[in-house]
Amino acid sequence: MTGYLLRRALHAVLILIGVSLVTFMLMHLTGDPVTLFVPLDASPEDVAIMRTAMGFDRPLHTQYLDFLGGLVRGDFGDSLRHRQPALELVVERLPATLQLTFLALGFAVLAAIPLGVVAASKRGSGFSLLTYLMGLLGQSMPVFWLGLVLILFFSVNLRLLPASGRGSLAHLLMPALTIGTYSMAMLMRLMRATMMEILSQDFIRTARAKGLSERVVVFKHAMRNALIPVVTVMGLQLGTLLGGAVITETVFSWPGLGRLLIQGFNNRDMAVVQAAVFVMALMIVGANLITDLAYGVLDPRVRYG
Amino acid sequence: MFEDRVRKMDSGVAPSEEVRPENLLWRRARSSFKGNRGAWIGAVLVGLVVFAAVFAPLLAPHDPYEQVLTRSLRPPAWDGGTTEHILGTDHLGRDVLSRVIYGSRISLGVGLGACLVAGTIGTILGLISGFFGGRVDDLVMRIADVQLAFPFILLATAVMFVLGSGLRNVVIVLGITGWVVYGRVVRGEVLAIREEDYVEASVAAGCTRARTITRHVFPNIASSVIVIATLEVARVIIAEASLTFLGLGVDPRIPTWGSMLADGRQYLAGHPWIATFPGLAIMLTVLGINLLGDWLRDTFDPRMMT
Amino acid sequence: MKRRSRTRGIRRIFSLMVVSTIIVIFVAGCGQPPTMSPSAPAEEGPEGEIIIAQGVDATTLDPNMHAETPTNNVNIQIYDSLLMRDSDGELFPGLAESYENLDDNTWEFKLREDVYFHNGEAFDAEAVKFTLDRILDPENSSPQYSHISAIDEVRVVDAHTVHIVTSKPFPTLPSQLVARQIVPPKYTSENGADHLASNPVGTGPYRFVEWVRDEKITLTANEDYWRGMPSIKDVVFRVVPETSTRMAELQTGAVDIIVNVPPHQAESLESSDATYVSRAPSSRVIFVGMVTTQPGPLEDVRVRQALNYGIDVDAIVDNVLMGNGIPLASQPVAEIHHGFDENLAPYPHDPERARELLEEAGYGDGLRLSMDSPSGRYLMDRETSQAVAGQLEAIGVDLDLNIQEWGVYVDKIMSRQLTDLFLLGWGNATFDADATLYPFFRSGQQFCYFESEEMDEKLDAVRETMDMDLRAERFNEIMGVLSEEAPWIFLHQQMDVYGVSDRVEWTARPDELIHAFDARIRADN
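Here the protein sequences line up with chains C, D and E, keeping their order.
Heads up, the first sequence is in our numbering, so the first residue is 67 and it goes up one at a time.
Heads up, the second sequence is in our numbering, so the first residue is 614 and it goes up one at a time.
Heads up, the third sequence is in our numbering, so the first residue is 614 and it goes up one at a time.
Hints in this document: simulated from the structure, not taken from any laboratory.
Be aware that a few hints might be false.
Said to hold, decoys possible - If you want a taste of the chain E side facing chain C, the calculated C-beta under 10 Å gives, among others:
no.: 1; residue: Glu752
no.: 2; residue: Gln757
no.: 3; residue: His760
no.: 4; residue: Asp827
no.: 5; residue: Glu828
no.: 6; residue: Arg851
no.: 7; residue: Val852
no.: 8; residue: Ser1028
no.: 9; residue: Leu1031
no.: 10; residue: Thr1032
no.: 11; residue: Leu1037
For every residue, glycine included, the Cβ atom is placed at its ideal position computed from N, Cα and C.
All chains should be built: construct the whole structure from the sequences, respecting the hints.
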């Protein structure tokens, strides 16, 4: 176990270094941070003066090594635009991101499990087909579309919920529903598929043969076993949700990590992008590790070698 | 990581039981399709889209590219418009119906193209990784990990920057960003198959590795690749719309459902038809593909849960 | 047995999930109260609250270290500058009571007395010197550096007199000083620039209260303001990036002023009882630049004129912008800019003439050009480029349209990789033609894709002409040449469209700024 954890930790470090290197290269590949920083009519001489002052005239490898040096000390450097330490900007966004993610995931799981069970257990009935189709619809529309339709309906027409922003629980509902719907559909499909497979297995047949009621068979025996892969995928979804909420955050003016990343990227604000990508990658790697460990707890057959 | 484990869960069904998978699977597929209403609905929806794509020039009443600024924002026929433009016109006076019909070509093309790119890269890397193992495997899997931990949008923008915008490059971007799913599943399958008797026999009989892989390993994983591809087509069609939302994507004159939807979103309040019909088209197409995909998965490969 | 232990594990994890979800929800619920709370009870002095929604957040509240309109909109509430502009774009004395030229290169500014920063620090000549020096020091890498790099020295004469010495005549200095807001020297050096950037202290009508990044900035009235007490007590800037969402926020009464209303939705705001629309012709012009400096069809003036004849700007303004634009009078500036030539008229839409000219130039069989364009940077830019492409097709010019992300586009511009045509918007809030002409038509400048020695001489001469009438005359001469040479496809002057709640009285300005000090809350609300 200790060996396994050590190896995973080593992998995590490798992944994080890889991510930071890729980020660094991409940022330099996609444009000159200096030109985006100065006004468009700045003279070439003035641009050159700025470039030297900001340190972008140094060789790329020097810049990257400097960055790594700072990273070891936990220093991502200051944001060019915000004139603040980049890591601070990222950490400020974490509460908003975590709230949205956990509520969305909570909604997704709580809706997906019953929908998946119904869709799998009463195969052939109109009701289960309908449930299944409804669930699938969640994966059939672009997120921004769903978000805007929700705003038009619940805010503009019904005046029930605030259209955007952060503050009360009411502000959280629509964004969480929007971003959770996709995960819900995915988990529902997984739940359905697993349930269908388990329901055809021997121990279920045995249980049925013993004369147990269908309800007991489905809920007591099948569903509990079907939850294992769902928990695993949930872990992976957690990672995706933490970093992948850019569009939902934009539509609902939610001050999360995704928007910070995109704005940082649009401004080619290297320190902010590095810090945001790093924190996201850390969370994803962490979520994966926890998922793997949880899996071991749930399924004793898995050994960590 | 995950796929391997889901597999271990019920490793009772070994792939070796399917020595000639095609025949067996087809029989299973046909019988399972008959009683499956979901699959029927899916087939009808996808059939309609394919029909629209193939016969677009015959079905579309107007040139989807033709702008007439003086007839912009006309409502649909039943909402005060004329039968000239049954679904109305958009903000540049283009016929919405014709654009939705032609859009089926582009969206299906992008979906299939991107999956071809992603599937090819992913399958090749997965085969190599799983078959050779060791350092190669480590390297490929770490690359996959880095990509998974990396924000999609950053990667997409960067690739678009290097390649330039355009339809072909959108296909490449979505392809490059989507290979990991294939790579991991294929690798997992190969790991299981590698130890099978017939593969070992092939190696022992002096077959080259390349021959062993193409003749013995690949046919056994092909069904998984096809199933993933089906599910991925749906994802890619939606991802194209997201790219447009973020200001990337293709020449907006080209009628892709994604760009019609993203460009039409700011008209949603006053002129909803511009975005509603491409939105419906995406929804029904993706629904159809997903229904077919689930059926394929249930039939061919119930163990796969990506 | 195994199975049972597994289920227990699941149950544990499951309940943990549910509990954590509930906790998160409660934590979320205990945040700030909803923004739709009723305004404070009436009292003496400033009253009520307005909420202004912009598309992006301010990046820094250090007013000397940015060059962005949304950021400036927050900073102008907190800080003042030596000279200011009223809602018609006319200069008026700000922190400087008066100014005069001692000679072509020396300006004397007399400063207002008895003005204090929000922290009590006195405003004086040192503050002016400190502010301008920090912009001029390359070590500080201020993006405003290039705007005033012609300043050689800022000299403190006495506590309320400053001399600004320039390296060459700099007639647009007063305009440039409008956007140089004065920071408190003692506060800034004691606490550092980082501190100022998130804890701003100025002399302006509003004091800083709180900044929740990417969410909102809260300000409250400075009752000791030297121009008088502000009418509105609290000002909140909210960040609402998505246009449709911004509309929804205004329509539901959650915000009072929104920027960048899509033109086709303006009507619905006008017809509503709760909202109205305020428009102003902007200092920004939209055009399609042409690369004439490389061998190819655009070298030929006939082709350039043909493209201008081929475009129906009226149709674009009427149908794409819904009337929210003013066609350019075949010159690169608009009426509000000093140097505008009233005698010039827009290129008429004349496809026949366009085809003839193309034929004469040897392109009777058509022509293929590429066009770069940003996406979502200017009002309806994506749609405008498509309309331009559609209209040029009708005169036999096919366009490869390249619509891209702004950062990518800027990089292309700055590395001079533009090929044939490029759509761009140019905001010139100095209200003087120089800031448009010089960067675009003076050889050696970043944007210059139209080079001629004659033009260079003319531009250099006018740049150092201090007499305003002579300046206008020289500009007019240049406009005549440009109109004929057609180095741009002249499109339109942008109209800025704002949505405003009926409970607020406010008028749009040509410089894209929103001064809360000029807004009022209507009595009947």
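Structure-based check of each hint:
The interface hint given for Glu752(E) is met, as the beta carbon of that residue sits about 6 Å from the closest beta carbon of chain C, less than 10 Å. A least Cβ separation of about 8 Å between Gln757(E) and chain C falls short of the 10 Å threshold, and the interface hint therefore holds. Given hint, His760(E) at the interface with chain C, holds; its Cβ is 7 Å from that chain's nearest Cβ, closer than 10 Å. Restraint check, Asp827(E) versus chain C: the minimum CB separation of about 4 Å is within 10 Å; hint holds.
The closest approach between the C-beta of Glu828(E) and any C-beta of chain C is roughly 4 Å, which is under the 10 Å cut-off, so the hint is satisfied. About 6 Å separates the beta-carbon of Arg851(E) from the nearest beta-carbon of chain C, less than 10 Å, and the hint is met. About 6 Å separates the beta-carbon of Val852(E) from the nearest beta-carbon of chain C, less than 10 Å, and the hint is met. Taken as an interface hint, Ser1028(E) checks out: its beta carbon lies about 7 Å from the nearest beta carbon of chain C, inside 10 Å.
For Leu1031(E), the interface hint is violated, since its Cβ never comes within 10 Å of a Cβ in chain C; the closest pair sits about 13 Å apart. The closest approach between the C-beta of Thr1032(E) and any C-beta of chain C is roughly 18 Å, which is over the 10 Å cut-off, so the hint fails. Because the smallest distance between the Cβ of Leu1037(E) and any Cβ of chain C comes to about 9 Å, under 10 Å, the interface hint for this residue holds.
Violated hints, listed in ascending order, are 9, 10; each of the other numbered hints is respected by the structure.
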